[in-house]
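Chains as they are written, first to last, in this note's numbering: chain A, 1285 to 1397; chain B, 72 to 184.
Please note: incorrect hints may appear among the correct ones.
Some, not all, of what chain A presents toward chain B, calculated at C-beta under 7 Å [as the list claims (entries may be wrong)]: (1) Leu1327; (2) Phe1329; (3) Tyr1332; (4) Gly1369; (5) Phe1375; (6) Arg1383; (7) Thr1384; (8) Phe1388; (9) Gly1389; (10) Glu1390; (11) Gly1391.
Mimicking PhoX-like on lysine-lysine, the simulated pairs with C-alpha atoms at most 25 Å apart in a straight line are [said to hold, decoys possible]: (12) B:Lys86 / B:Lys128; (13) A:Lys1311 / A:Lys1335; (14) B:Lys181 / A:Lys1328; (15) A:Lys1328 / B:Lys142; (16) B:Lys76 / B:Lys113; (17) A:Lys1328 / B:Lys76; (18) B:Lys128 / B:Lys181; (19) B:Lys128 / A:Lys1311; (20) B:Lys86 / A:Lys1328.
Worth flagging that the hints you see were computed from the coordinates, not collected in a lab. Keep in mind that this is a model prediction, so the values were computed, not measured. The C-beta atom is built at its ideal place from N, Cα and C for all residues, glycine as well.
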Amino acid sequence: NAGVMQNPRHLVRRRGQEARLRCSPMKGHSHVYWYRQLPEEGLKFMVYLQKENIIDESGMPKERFSAEFPKEGPSILRIQQVVRGDSAAYFCASSPQDRTTIYFGEGSWLTVV
Amino acid sequence: QQQVKQSPQSLIVQKGGISIINCAYENTAFDYFPWYQQFPGKGPALLIAIRPDVSEKKEGRFTISFNKSAKQFSLHIMDSQPGDSATYFCAASWSSGTYKYIFGTGTRLKVLA
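With these hints in hand, go ahead and build the complete structure from the sequences.
Structure representation (C-alpha cells):
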C-alpha cells in the first residue's frame, strides 16, 4: 500500500525557469493538499484540490503558481519564472473521503540558483 | 484568528525524561488537533490526534492533553529516547471548512543519550 508519492525529490532550477512538481495520492484518496515549508519554518497551506476541481487556493501566491489534479494522472504544482524565494520544500498530502487525517509525501525540495 | 502558536521553539531533554510541547489556538471552530513528527529530509508523519470532546489521548509513550476552555493542547513524550529527536508540529483543522490544516511553527526536540 504505497503512500503519497512525490517527484522529483530534488529539483534545481535557474531563475526564470519553470518548476513542475508531481504528486500521486494514496490509493483510494481523492483529496490532495499542497504545503510549502521554508527553511526552519512551519508548513504553510497552499491549495486543496479534488479531481478536476480546485476547492481552496487561499494560500497560493497570486502570480506564477498554479495547481491541478486532472481526472487521470497525478496532481501537478507548477511554478513559472521561479525566483530564489521559491526555494523550499513542497509537500503534497492526501486524505480519504472523510478528510479528517491527511498523509504527507516525502516532499520535493526545490532549489533556485 | 487562524493561527496556531507553538512553544518552545527548541527543546533539549535527557534520555528517559519527559518532553512537553505546547500549542494554543484562537479559532473555536477548530475541531481536530493532530501532531506530526518530521525527521530531516522527510515528510511529516502523523503521530497522534485528538478531538475536543476528550481531554486526553494516549498512544504508547505519546499523550495529548487538551484544555478546551483555555484553547490549549500539548504533546507529552514519556521516557524520551534519542530516536525521538525530530521536529514536532501541532496543527488544527475544522470540519465545517475545507479541512486544511493550520500548523504551528514547530519544535525541534533533541534527546541526549
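message: Hints numbered earlier in the text: which of these fail when held up against the supplied structure?
response: 4, 19, 20
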